[in-house]
Every structure is written in structure tokens, then in C-alpha cells.
Amino acid sequence: MGERNVYVYIFLMWFATYLLRVVPLTLIRKPLKNRFIRSFLYYTPYVTLATMTFPAIVEATRTPWSGGLALAFGIVAAWFGWNLFQVAATCCAVVFLSELFLV
Amino acid sequence: MSGEYSLKHSVNRAAFFDGVKVGVPIALGYFVVAFALGVQAKAAGLTAFQCGLASLFCLASAGEYVGFTAIMEHASYLTIILATIVANARYFLMGCALSQRTSPNLPLGYRATVALGLTDELFGVSILRPGFFNPWFAYGIIAIAAPAWSAGSALGVVGGTALSPQWSSALSVALFGMFIAVIVPPGRKNKVVASLVALSFLCSYLAARAPILSEWSAGSRVVVLTLVLASIAAIAFPIADDVDDPAQKDDSPQKKEQENGRA
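Protein chains in written order, with my numbering: chain V, 1 to 103; chain W, 1001 to 1263.
Since the hints were derived computationally from the structure, they do not count as laboratory data. Keep in mind that this is a model prediction, so the values were computed, not measured. Careful: at least some of the hints might be erroneous.
[As the list claims (entries may be wrong)] Quick list of in silico lysine-lysine cross-link-like pairs, DSSO-like style, CA-CA up to 30 angstroms: (1) W:K1008 / W:K1021; (2) V:K30 / W:K1189; (3) W:K1042 / W:K1191; (4) W:K1189 / V:K33; (5) V:K30 / W:K1191; (6) V:K30 / W:K1008; (7) V:K33 / W:K1191.
[As the list claims (entries may be wrong)] Covered by chain W, per the in silico footprint, the following chain V stretches (three or more residues, Cβ under 8 angstroms): (8) 11-21; (9) 28-35; (10) 57-69; (11) 76-90; (12) 95-101.
[Claimed, not checked] FRET-style restraints, in silico, Cβ to Cβ: (13) V:V103 / W:K1008: 49 to 59 angstroms; (14) W:A1143 / V:R29: 18 to 28 angstroms; (15) W:A1198 / V:F11: 34 to 44 angstroms; (16) V:L100 / W:T1079: 38 to 48 angstroms; (17) V:E59 / W:S1195: 36 to 46 angstroms; (18) V:L100 / W:G1045: 33 to 43 angstroms; (19) W:K1189 / V:P31: 38 to 48 angstroms; (20) W:W1167 / V:F36: 42 to 52 angstroms; (21) V:L97 / W:S1006: 43 to 53 angstroms; (22) V:L19 / W:F1049: 40 to 50 angstroms; (23) W:I1232 / V:V103: 35 to 45 angstroms; (24) W:G1045 / V:P64: 45 to 55 angstroms.
Cβ atoms here follow ideal geometry from the backbone N, Cα and C, with glycine treated the same way.
Next comes chain V alone, as it looks inside the complex (with noise of 0.2 angstroms):
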């Protein structure tokens, strides 16, 4: 196999990924009228960040539990309105302090 340019490989990277990106953002400039696609895109959001967030969080720390305990102190400060740097700081620091004793 012929070598291949690692320039050209993380040209292709940027290409690909752009397109997804550019593509829905360019071409749909109109509110959508269907009521299926609008509730469809309404709920999106949510799908998507909680699905990227859980199971992640309890395999992104050095044990389960410390990043489970960051989930639930994280779910509590921000029904309680906390904001979003206010919510984040408070699970890194439930994870710092937690594997203390966890790990």
C-alpha cells in the first residue's frame, strides 16, 4: 500500500465533517411548515445532549460512581436554576472530591 498523505487525510477529515454542518445549515433557510419536522426538531436537542451525556459521564471518570454522583448533583443544581459554568464547575468538583474516598 502506497503511503498516503497525512496532510490530504486531515483534509478529507475537515471536508466530511464540514459538509454535515455546512449542508442543513445552508439549505434550509425557510421555517419548516410540517408539523411532524418541526416537533421532531423541537425535541432533538434534548435527545441528543442527553444520549451524548449518559452512560459518557460514568465512563469518562476514574470510577463509575464518582461520575455518577456528578450526574445527579449536576441533574439538582440546575433544576434549581444554576447556570450553565455554575453547573459544570459543580460536577468537576463532585468528581475531584468524591475520588478522594472513591478511587
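Assemble the complex: chain V is given as a structure, and chain W must be docked to it using the hints.
Using the frame of chain V, we list chain W on its own:
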């Protein structure tokens, strides 16, 4: 028409610096995650410069990971294109959702440049902001987060083990914390959304353990679960015709703070 999007407008300047502010925790989280990515890039034989370059342009964690793995295996050019598309397919869904929160008048150039930096995190913090999506908010985030992502991954190539395990473990959940802060508050007012988030957690966990599905990449599972669960929710609980701005119905302190910050 495009004049209203010029940086000369104070609204756009405010949106930009708002984006920078929101971008700080994103950049911190990126830096740590990118560090781990750099370790993978090093295994694939990339130099710190090549890795930093790839990260600056691609701005994708799972997508880059898959790409670096393909480079390591000397895969064909077609393979790396297909692998990257599969790993990043969720960006297509995010682009569709974001298009519905974008003014029909937003010129092409703004759309094309926002798309350069459409990441999970940018999507997460932009999608439920009140009103039309402002490209300058995205530019503010990208301006601080993209260099952090690129530098973090380049440093990962140079010294992947420099960060102690305690700190890297703690900082690795920062991005998930931000996602939680986005999806949980609307659930206080909307029981369907709250149930959908809980159901998504459950299905995502089961899919990660299920035969066949567990062998897929996490990115592919996100796409399939989104298609299935959001479709079910859309059929069972279609939104009313006048509901197109969930964030404006949310009166949590965080949203109020954001609105005040924008005023």
C-alpha cells in the same frame, strides 16, 4: 439587508462578548478532552503541528478520534471520509435544528462560517437561547474555544501524561455538566421534555450495553437514538403551532440572567 448583522451594531457586539463569556468553560473543558485526543493522534504518528491543524479545522472529538484511528491504520481516503461522516452524522441533525432558530434573512456567508464551528457544545448553548440565533454569539464561542481545542490536542501529542489523573478525571465531566444545564431546566415546565430526557438516558444506557449496538461508535448510537426517540415524541406529542421558542417560556434565573446580559 446584511447590514443588520454587522459588528457595528451594539447588539452583535454584546452577543459576541456573551459568546466569549459562555466560551470560557467550554474552552476549559475542550482543553482537557483535546489533551486525550492528542495522545491518540500521537499513536497515529501525527506531529503536534498536524494534530493542532486537524483539531483547529475539524473541531470534533469523536470524529477526529475516528479519523486518527483511520490514519493509524493507513486506511484508504474513501474510508476516512465515510468513517468521519458516520462519526459526525449528528452535526447534520444539529444543523437542521439550528436552521429553524435562524433568521431566514441571515446571509449565506454567516451561515457558512457558523457551520465551521458547529460543535456539540456550541449547539448545546445556542439552541435554546431566546430569539433568533445570532451568528456573533457563535463567533465569540469559537474565538475562544477553537484555539483551546487546537492547543490542547497539540500539547497532548507532546506530553500526554502531564495532567494528573485526578485533575483530568474531574475536568472530563465539565462538558457533560454543560449539557445537563441545557436539557434539565426546560423540563421543570414541560413534562414531555422531562420524560424524554429521562427516557433518553435510559435508552442510551441500554444501547451502550446491548448486543450489536454496543459495538457501534457512541456517535452512531446518538444519531440512531435521536432519530427514533425524537420521532416518537413528535408523533405522540406534536408541538402546538405557536410553540417555536421554548426558551422564551423558560423563566429560570439562568435565562433571565442571559436576557439581562443581552439587553
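To see whether the hints hold, each was checked on the structure:
Distance check on the hinted pair: K1008 (chain W) and K1021 (chain W) sit about 20 angstroms apart at the alpha-carbon level, within 30 angstroms; holds. Distance hint between K30 (chain V) and K1189 (chain W) is fulfilled; the C-alpha atoms sit about 28 angstroms from each other, no more than 30 angstroms. Between K1042 (chain W) and K1191 (chain W) the alpha-carbon distance is near 46 angstroms, which puts this suggested pair outside the 30 angstroms criterion. Of the supplied pair hints, the one linking K1189 (chain W) and K33 (chain V) holds, its CA atoms being roughly 25 angstroms apart against a limit of 30 angstroms.
A hinted pair counts as satisfied when its Cα atoms are at most 30 angstroms apart, and K30 (chain V) with K1191 (chain W) qualifies at roughly 29 angstroms. Between the alpha carbons of K30 (chain V) and K1008 (chain W) the distance comes to roughly 26 angstroms, so the proposed pair stays at or under 30 angstroms and holds. Only pairs whose Cα atoms come within 30 angstroms are accepted, and K33 (chain V) paired with K1191 (chain W) is accepted, the gap being roughly 24 angstroms. Counting residues of the stretch 11-21 of chain V whose beta carbon lies closer than 8 angstroms to any beta carbon of chain W gives 10, which meets the minimum of three for the stated coverage.
Restraint check on the stretch 28-35 of chain V versus chain W: 6 residues with Cβ-Cβ distances below 8 angstroms, three needed, restraint holds. For the stretch 57-69 of chain V, the stated coverage by chain W is satisfied: 6 residues place a CB nearer than 8 angstroms to a CB of that chain, which reaches the threshold of 3. Note: the stretch 76-90 of chain V has 13 residues with beta-carbon separation from chain W under 8 angstroms; the three-residue rule is met and the coverage holds. With 3 residues having a Cβ less than 8 angstroms from any Cβ of chain W, the stretch 95-101 of chain V passes the three-residue criterion, so the hint holds.
The supplied range of 49 to 59 angstroms is met by V103 (chain V) and K1008 (chain W), whose beta-carbon atoms lie about 53 angstroms from each other. Between A1143 (chain W) and R29 (chain V) the C-beta distance comes to about 26 angstroms, which sits within the given range of 18 to 28 angstroms. Checked against the hint of 34 to 44 angstroms, the pair A1198 (chain W) and F11 (chain V) passes, with Cβ atoms roughly 42 angstroms apart. For L100 (chain V) and T1079 (chain W), the Cβ-Cβ distance of about 44 angstroms falls inside the hinted range of 38 to 48 angstroms, so the restraint holds.
For E59 (chain V) and S1195 (chain W), the Cβ-Cβ distance of about 24 angstroms falls outside the hinted range of 36 to 46 angstroms, so the restraint is violated. Distance hint check: the CB atoms of L100 (chain V) and G1045 (chain W) are about 38 angstroms apart, consistent with the given range 33 to 43 angstroms. At roughly 23 angstroms, the beta-carbon separation of K1189 (chain W) and P31 (chain V) lies outside the given 38 to 48 angstroms, and the hint is violated. As the Cβ distance of W1167 (chain W) to F36 (chain V) is approximately 46 angstroms, the hint placing it in 42 to 52 angstroms holds.
For L97 (chain V) paired with S1006 (chain W), a C-beta distance near 47 angstroms keeps the hint of 43 to 53 angstroms intact. Checked against the hint of 40 to 50 angstroms, the C-beta distance between L19 (chain V) and F1049 (chain W) comes to roughly 25 angstroms, which is inconsistent with it. Separated by about 39 angstroms at the C-beta atoms, I1232 (chain W) and V103 (chain V) satisfy the suggested range of 35 to 45 angstroms. Checked against the hint of 45 to 55 angstroms, the pair G1045 (chain W) and P64 (chain V) fails, with Cβ atoms roughly 33 angstroms apart.
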